[in-house]
Amino acid sequence: MAEIRDLFGLELRVVNVGLESFAAVLDSLGVTVLHVQWVPPAGGDPERARRLALLDDEDGT
Amino acid sequence: MIVRTLIKRSFYQDSVALMGVARELRGGAGIQEAAALMGTPANRELMEQAGLLTAEAAAAGPNDLVVVVRADSETAADRALARAESLLTERRRRVEAAGRRLPRTLDSARRQLDGANLALISVPGPFAAAEARKALHRGLHVMLFSDNVTLEDEVALKRLAVERGLLLMGPDCGTAYLNGVPLGFANAVPRGRVGLVAASGTGLQQVVSLLAAGGEGVSQAIGVGGRDMSEPVGAAMTLAALDALGGDPGTELVVVVGKPPAPTVRARVEARLRTLGKPVVVAMLGRDVIPGRDGSLHTVTSLEDAAAAALALLARREHRTHSFAGVEDAARRIAERRHALAAGQIAVHGLFAGGTLAYEALLILEPLLGAVGGNLGGSVASPHRILDLGADDLTRGRAHPMLDATLRAEEIARAGKDPDVAVLLVDVVLGHGAAADPAGDIAPALEAAQANARANGRRLAVVASVVGTSADPQGLGRQVARLESAGAWVLASNAQAARAAAGIAGGPRVTEALLGGAAR
Numbered sequence: 001m002a003e004i005r006d007l008f009g010l011e012l013r014v015v016n017v018g019l020e021s022f023a024a025v026l027d028s029l030g031v032t033v034l035h036v037q038w039v040p041p042a043g044g045d046p047e048r049a050r051r052l053a054l055l056d057d058e059d060g061t
Numbered sequence: 062m063i064v065r066t067l068i069k070r071s072f073y074q075d076s077v078a079l080m081g082v083a084r085e086l087r088g089g090a091g092i093q094e095a096a097a098l099m100g101t102p103a104n105r106e107l108m109e110q111a112g113l114l115t116a117e118a119a120a121a122g123p124n125d126l127v128v129v130v131r132a133d134s135e136t137a138a139d140r141a142l143a144r145a146e147s148l149l150t151e152r153r154r155r156v157e158a159a160g161r162r163l164p165r166t167l168d169s170a171r172r173q174l175d176g177a178n179l180a181l182i183s184v185p186g187p188f189a190a191a192e193a194r195k196a197l198h199r200g201l202h203v204m205l206f207s208d209n210v211t212l213e214d215e216v217a218l219k220r221l222a223v224e225r226g227l228l229l230m231g232p233d234c235g236t237a238y239l240n241g242v243p244l245g246f247a248n249a250v251p252r253g254r255v256g257l258v259a260a261s262g263t264g265l266q267q268v269v270s271l272l273a274a275g276g277e278g279v280s281q282a283i284g285v286g287g288r289d290m291s292e293p294v295g296a297a298m299t300l301a302a303l304d305a306l307g308g309d310p311g312t313e314l315v316v317v318v319g320k321p322p323a324p325t326v327r328a329r330v331e332a333r334l335r336t337l338g339k340p341v342v343v344a345m346l347g348r349d350v351i352p353g354r355d356g357s358l359h360t361v362t363s364l365e366d367a368a369a370a371a372l373a374l375l376a377r378r379e380h381r382t383h384s385f386a387g388v389e390d391a392a393r394r395i396a397e398r399r400h401a402l403a404a405g406q407i408a409v410h411g412l413f414a415g416g417t418l419a420y421e422a423l424l425i426l427e428p429l430l431g432a433v434g435g436n437l438g439g440s441v442a443s444p445h446r447i448l449d450l451g452a453d454d455l456t457r458g459r460a461h462p463m464l465d466a467t468l469r470a471e472e473i474a475r476a477g478k479d480p481d482v483a484v485l486l487v488d489v490v491l492g493h494g495a496a497a498d499p500a501g502d503i504a505p506a507l508e509a510a511q512a513n514a515r516a517n518g519r520r521l522a523v524v525a526s527v528v529g530t531s532a533d534p535q536g537l538g539r540q541v542a543r544l545e546s547a548g549a550w551v552l553a554s555n556a557q558a559a560r561a562a563a564g565i566a567g568g569p570r571v572t573e574a575l576l577g578g579a580a581r
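Sequence order for the protein chains is A and B. Quick note on the numbering used here: the first sequence kicks off at 1 and runs consecutively. Quick note on the numbering used here: the second sequence kicks off at 62 and runs consecutively.
Simulated from the structure, these hints should not be mistaken for lab results. For each residue, glycine too, the CB sits at the ideal point set by N, CA and C. Among the hints, a few may not be true.
[What the hints assert, rightly or not] Computed list of chain B residues with no C-beta within reach of chain A, every gap over 10 Å:
#1 A143
#2 T150
#3 E151
#4 L337
#5 R393
#6 R459
#7 K478
#8 D479
#9 D502
#10 A542
[To be verified] What follows is a set of in silico ranges between Cβ atoms, one per label pair, in the way DEER data are often shown:
#11 B/T382 - A/L54: 47 to 53 Å
#12 A/A53 - B/G577: 55 to 61 Å
#13 A/A53 - B/T325: 28 to 34 Å
#14 A/A53 - B/L455: 27 to 33 Å
#15 B/A116 - A/L54: 35 to 41 Å
#16 B/I351 - A/R48: 48 to 54 Å
#17 B/D390 - A/A53: 56 to 62 Å
#18 A/L54 - B/I351: 43 to 49 Å
#19 A/L54 - B/A332: 35 to 41 Å
#20 B/V216 - A/D6: 22 to 28 Å
#21 B/A111 - A/R48: 27 to 33 Å
[Unchecked claim] If you want a taste of the chain B side facing chain A, the calculated C-beta under 7 Å gives, among others:
#22 D75
#23 V77
#24 R165
#25 A170
#26 Q173
#27 L174
#28 I182
#29 F188
#30 A191
#31 E192
#32 L228
#33 L239
#34 D309
Next up, chain A with everything else stripped away, as it sits in the complex (with noise of 0.2 Å):
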């Protein structure tokens, strides 16, 4: 099983999902960054992106 300790010694490579200005800073510093032009699930409304969210599938793709 993996161990948190592991991410210790690996460079950091960050998926940023929301302010993009949390990219911009990054980005600044030379870490590796890629900000995710997100919006809103299911029109925005949080019930309906909630049970769309219970759909993922566990091992992703």
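With chain A fixed as given, assemble chain B onto it according to the hints.
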């Protein structure tokens, strides 16, 4: 008076970007008020309270961007909306001109970014848990900056993270450092030997900034969220983080920052701390904490002492607590300000951007001055008041006071008019993610409040501390100088600032308790 609306359908922008737009519009000639918000039900309610909910705004959906301005004239309103349109278009063009095709989902981001290992999530609370869950399922560590995540979701997310050997930092995790990278609101500090586990963002910022001032840096700093040590969460992430730091050869000493654990969680946390095999400085701030050493555990009662104890342990010298960095100087400055007060000026008003800094100040003031009111606990009748301006109910629909000083400037003005107030106590938090010139944002309000007091025959003392380093984008020296030019006495830590405030407002008994012989 003219109210005008601009709606941009399906045009999502994050809250910080929109704050920038609203701020720029408010600065326009002839503009009384401006809002730039997504049309969610909560935001529409805020617009209604502000008298800005036009019929078009009321009909907007959650993914529609709404800009409303109230202006003196049609010309001013038109000019502001045109400005809004061009700011928003400019933003979009800049993003698109970056050349890369930005992914729209976490999954496509993962496909584009080989070896991605951390998701930094700061979407609005109601959507945040789903994104965090997705990230954990895909093997990414998570920093969950978002607040307004339910306790139930937090418990489930942390269970999943622990099962998978992943970090789930947060929710409401403001600050972390992994492998030398500052995440969220974070000061520019060097790498070093101290590993931290923190339930508090500004608490962590104060400790690492003071460590940096003492020449020491951070190996890893793991944020766990303010509720981690509650009974339902059971310190899940604190325990996991301690294990990781215990096994990390880069960490020689561990500092734990937060509040005391729930009674049912305490034994488990303490057992883990004792068996870490490294010295631990425990800065779990609370009313009944007794400082002292117990084996490898060093319990302290302030953030400043946490840094000082860590520095002393690493240098293998004894740690001594002190009230002030320079006792004689502090005694003189306290006496000067105390003698300048008019009759009836008895109160300390603390106006804070940092939640833990506010709480630390409360814990320092209470034993010196008696009960303290404000928004940090029960309502008590007291002339003294500590306000955490970053509290959830004060930041709904507006940016955090570390980014937007509007609310704090209003409170400073109010305190300046209150004849009871002797001392204004403030914090200024620097670092990546914070405002570009936080001292400059409140300095005019501080100057005006003092001028107002003087005009009414009073002298208002302003006592401040700045959390930051010389390497921060805002520059510690420049920010301190700005506050000093606005008449503030700037101390080296929040704890010292709180003590100074108590010394000025309190009687000789307080100064004696703080300064001993130097008070005489």
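The hints, checked one at a time:
B/A143, annotated as away from the interface, keeps every beta carbon of chain A farther than 10 Å; the closest lies near 23 Å. Look at B/T150: its CB is around 16 Å from the nearest CB on chain A, clear of 10 Å, so calling it non-interface holds up. Every Cβ of chain A is farther than 10 Å from the Cβ of B/E151; the closest lies at roughly 13 Å, confirming the non-interface assignment. Non-interface status of B/L337 relative to chain A is upheld: no Cβ of that chain comes within 10 Å, the nearest being about 13 Å off.
A cut-off of 10 Å between C-beta atoms confirms that B/R393 is not in contact with chain A; the least separation is 41 Å. Against chain A, the non-interface label of B/R459 holds: every CB pair exceeds 10 Å, the least being about 15 Å. Listed as a non-interface residue, B/K478 keeps its Cβ farther than 10 Å from every Cβ of chain A; the least gap is roughly 35 Å. For B/D479, the requirement that its beta carbon stay farther than 10 Å from each beta carbon of chain A is met, with the minimum near 36 Å.
Taking the minimum C-beta to C-beta distance to chain A, about 17 Å, the non-interface status of B/D502 holds against the 10 Å cut. For B/A542, the non-interface assignment is confirmed: its Cβ lies about 24 Å from the closest Cβ of chain A, beyond the 10 Å cut-off. Distance hint check: the CB atoms of B/T382 and A/L54 are about 51 Å apart, consistent with the given range 47 to 53 Å. At about 59 Å, the CB distance of A/A53 to B/G577 agrees with the hint of 55 to 61 Å.
About 31 Å separates the C-beta atoms of A/A53 and B/T325, a value consistent with the hinted range of 28 to 34 Å. For A/A53 and B/L455, the hinted distance range of 27 to 33 Å is satisfied, since their beta carbons lie about 30 Å from each other. For B/A116 and A/L54, the hinted distance range of 35 to 41 Å is satisfied, since their beta carbons lie about 36 Å from each other. Separation of B/I351 from A/R48 is about 51 Å and conforms to the stated range, judged on CB atoms against 48 to 54 Å.
Roughly 57 Å separates the CB atoms of B/D390 and A/A53, a value that falls within the hinted 56 to 62 Å. The beta-carbon spacing between A/L54 and B/I351, approximately 47 Å, falls within the hinted interval of 43 to 49 Å. Our hint of 35 to 41 Å for A/L54 and B/A332 holds, since their Cβ atoms are close to 36 Å apart. Our hint of 22 to 28 Å for B/V216 and A/D6 holds, since their Cβ atoms are close to 24 Å apart.
For the pair B/A111 and A/R48, the supplied restraint of 27 to 33 Å holds, since their beta-carbon distance comes to about 28 Å. This hint holds: B/D75 has a C-beta 5 Å from the nearest C-beta of chain A, less than the 7 Å allowed. Because the closest C-beta pair between B/V77 and chain A is about 5 Å apart, less than 7 Å, the hint holds. Given hint, B/R165 at the interface with chain A, holds; its Cβ is 5 Å from that chain's nearest Cβ, closer than 7 Å.
Because the beta carbon of B/A170 sits about 5 Å from the nearest beta carbon in chain A, less than 7 Å, this interface hint is met. Proximity of B/Q173 to chain A holds as hinted, the smallest CB-CB distance being about 6 Å (cut-off 7 Å). This hint holds: B/L174 has a C-beta 4 Å from the nearest C-beta of chain A, less than the 7 Å allowed. Interface hint at B/I182: satisfied, since its Cβ lies 5 Å from the closest Cβ of chain A, which is below the 7 Å cut-off.
Annotation: interface hint on B/F188 holds; nearest CB of chain A at approximately 6 Å, less than 7 Å. The interface hint given for B/A191 holds, since its Cβ lies 3 Å from the closest Cβ of chain A, which is under the 7 Å cut-off. Interface hint status for B/E192: upheld, as the beta-carbon distance to the closest one in chain A is roughly 5 Å, under 7 Å. Of the supplied interface hints, the one on B/L228 holds, with its beta-carbon coming within about 5 Å of a beta-carbon of chain A, less than 7 Å.
Satisfaction of the interface hint for B/L239 is found here, the shortest Cβ-Cβ separation to chain A being roughly 6 Å, below the 7 Å cut-off. With a cut of 7 Å, the hint placing B/D309 at the interface with chain A holds, because the nearest CB-to-CB distance is about 6 Å.
No hint from the list above goes unmet by this structure.
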